[in-house]
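Residue numbers (the UniProt record's numbering), protein chains in the order written: chain A, 1 to 152; chain B, 1 to 414.
The set of hints was computed from the structure by calculation and includes no laboratory data. Where a beta carbon is used, it is the ideal one built from N, C-alpha and C, also for glycine. A couple of the hints might just be wrong.
Stated by the list, open to error - Among the chain B residues that face chain A by a calculated CB cut under 7 Å, a handful are:
1. 17
2. 25
3. 29
4. 30
5. 31
6. 38
7. 146
8. 151
9. 154
What the hints assert, rightly or not - Okay, derived cross-link-like pairs now, SDA-like style, lysine to any residue, Cα gap no bigger than 25 Å in a straight line:
10. A:147 / B:391
11. B:42 / A:75
12. B:182 / A:142
13. A:77 / B:148
14. A:77 / B:181
15. A:147 / B:222
16. B:29 / A:72
17. B:182 / A:43
18. B:192 / B:222
19. B:29 / A:133
20. B:182 / A:118
21. B:26 / B:391
22. A:147 / B:173
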Amino acid sequence: MTNALEIYQLLPKTNCKQCGKATCMAFAAALLSREVVVDDCPPLKEDKFKNNYEKLSEIITPAGEASESGMIVHTEKCIGCGNCVVACPVNVAEDPYGAGSGNAPTSDNVILRVEDGVVCLSNVSQCRRFGKNKILCNGCIVTCPTKAIEFV
Amino acid sequence: MENEYYVCTGCGLLCDDIEIELDDGKVSKVNNACLKGVARLKECNRPAECRIDGAPASLEDAIIETARILKEADSPVIFGMGNSTSQAQKNAIELAKKTSAYFDDTSSFCQGPIVEAILENKIRTCTLDEVKDKADVIVYWGADPSNSHPRHLSKYTYFPRGKERQRGWEEDRTAICIDVRKSDTATICGDKFYQIPPQADEELLNALTNGLSGKVPKVSFGMGPKKILELANMLKKAEFGVICVGLGLVYSLEEIEPLVRLMDKLNEVSNFYLIPMVGQYNMRGSNHNLHEETGYINRVKFTGNDVEHGAHCSVVELLRKRTVDAALIIGSDPMSSLPGSIAKELLDIPVITIDPCNTLTSRKAKVSIPVATAGSECGGTAVRMDGVEVEFKAMTETDRMCDAEILERIMGEL
């Protein structure tokens with residue numbers, strides 16, 4: 001997963017403030033949380049930063065793919081093992097004898113379930129990473145064998 | 001939420017909590033199953049066609065031709081069975097008896113030795129449900145279930161909460177991985193991953209046995225006694241331990257004695273069980289059925305009422321030494337799975353395949369008979385990797401016959 005410093009290295013590092021942020025580092029952090037897009041940095045579109053612009057566009061997947069909690073499931077990597085479904089603390093609390101015990105989810109309130117061999121998200125507002133009071137829960141990330149889940 | 005659950009026949013795990021959606025008589029959506037299961041249940045990409053010598057034929061003709069080939073052959077071999085229902089396996093054994101055939105299944109070059117030791121009570125085993133409810137130390141040795149049995153960790157062994165393991169993987173369970181490479185499962189095990197060089201499994205088995213006996217464990221590769229003792233202590237402290245044996249361990253052992261010794265030692269100082277990581281959905285069923293009938297799990301030759309058993313009856317030796325003059329292959333693709341030098345011998349003898357999918361073997365076969373896919377199109381029973389019998393029902397209707405029925409018809413023709 002990328003971090004803000006990695007993104008910062010690819011920015012012009014001039015703190016020109018044209019993007020509206022105070023520093024390039026602030027812009028990097030905003031980019032990481034998908035508050036802004038790569039195109040919001042005008043100097044980056046200049047010819048001399050062409051390589052960096054391309055690299056950044058590759059790293060920063062569009063926020064459109066991410067759910068409201070910032071979760072992105074790379075469906076091409078997911079094998080449907082269901083580790084995240086069983087490990088997710090919300091799933092366990094909502095459905096202890098179904099999803100929490102390794103079986104098929106028996107409640108509609110679970111947030112992760114496997115459909116057609118790929119993990120799907122529902123009830124996003126229940127995710128611990130949702131909203132203002134979010135906590136950086138990583139139950140689904142650390143249990144994924146193929147690194148198919150990412151949060152932005 | 002009331003749901004009807006089906007059984008997935010994608011691998012030896014036989015997950016029994018699959019939900020499906022049907023569209024126009026076909027499975028359109030499979031929920032809760034992994035990608036492997038979805039691929040199996042949504043039918044093969046290229047269903048097999050009924051053919052004799054490459055030309056389309058009727059099922060009736062194909063069955064008559066099969067019976068003729070088997071009747072004319074002096075020593076035919078019946079091979080496969082890993083992807084067949086228990087009833088089909090029983091029928092195939094009867095067929096082998098009637099035609100005085102060699103009979104071997106895929107466990108011959110897979111988990112055979114381990115299942116044999118379990119059936120002969122040399123090794124303690126338990127069920128996956130017990131693992132889920134009780135196990136606190138789980139060792140994946142030479143296995144990468146994240147790829148071979150994707151739901152192994154999430155449905156039974158590591159992540160789920162069980163009766164006596166209410167706090168799940170975070171606090172109640174320890175997963176250990178011993179492998180030659182950092183597999184996906186090893187990544188999940190984190191710092192409990194013990195990397196060993198290829199063929200070093202026996203050495204580590206012996207070192208662990210020594211470590212548990214109070215001797216200083218030594219190995220020739222770069223793993224110090226301290227690290228081995230640390231592993232041995234983890235095993236010793238287990239309340240309910242289980243070793244999931246993968247093909248990596250089976251293939252690297254000349255004989256399974258070192259593993260049996262370690263299991264005995266572990267059961268002196270602690271409480272340990274072993275489960276083989278059986279690949280195909282009913283390979284263990286084939287072992288059980290043949291064991292019930294003959295006392296052997298695979299590699300047999302029927303002559304009248306006599307049964308011959310030994311390494312020379314394995315499919316690899318039979319083909320290498322050109323002992324057989326016809327082959328009936330049921331639900332298996334040996335041309336893809338056997339080494340090239342052995343598989344090419346199949347080109348010189350008449351081969352009959354009974355398979356739902358179009359495989360390399362079925363394309364090269366003299367007679368190819370299509371059957372219904374067990375699990376999605378026909379029901380039956382199968383034996384899970386831990387020896388539990390699981391019954392499953394069909395999800396859709398089909399005009400193709402089940403493998404058990406086809407074998408019965410061939411039997412009738414004989």
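Each hint tested on the structure:
1. 17: The hint holds - residue 17 (chain B) has a Cβ within 7 Å of chain A, the shortest such distance being about 4 Å.
2. 25: violated (18 Å)
3. 29: holds (6 Å)
4. 30: holds (6 Å)
5. 31: holds (5 Å)
6. 38: Nearest chain A Cβ about 4 Å off; hint holds.
7. 146: Holds, because the Cβ-Cβ distance from residue 146 (chain B) to chain A comes to roughly 4 Å (cut-off 7 Å).
8. 151: holds (6 Å)
9. 154: holds (4 Å)
10. A:147 / B:391: violated (35 Å)
11. B:42 / A:75: Given that 25 Å is the threshold and the Cα spacing comes to 18 Å, the pair holds.
12. B:182 / A:142: holds (16 Å)
13. A:77 / B:148: holds (15 Å)
14. A:77 / B:181: With Cα atoms ~20 Å apart, residue 77 (chain A) and residue 181 (chain B) stay inside 25 Å; holds.
15. A:147 / B:222: violated (30 Å)
16. B:29 / A:72: Judged against 25 Å, a Cα distance of about 22 Å means the pair holds.
17. B:182 / A:43: Since the Cα atoms of residue 182 (chain B) and residue 43 (chain A) sit roughly 43 Å apart, the hinted pair is violated (cutoff 25 Å).
18. B:192 / B:222: holds (16 Å)
19. B:29 / A:133: This hinted pair is violated, its Cα atoms lying about 36 Å apart.
20. B:182 / A:118: OK: residue 182 (chain B) and residue 118 (chain A) at ~24 Å, within 25 Å.
21. B:26 / B:391: holds (21 Å)
22. A:147 / B:173: holds (22 Å)
The structure does not agree with the numbered hints 2, 10, 15, 17, 19 stated previously, though it agrees with the rest.
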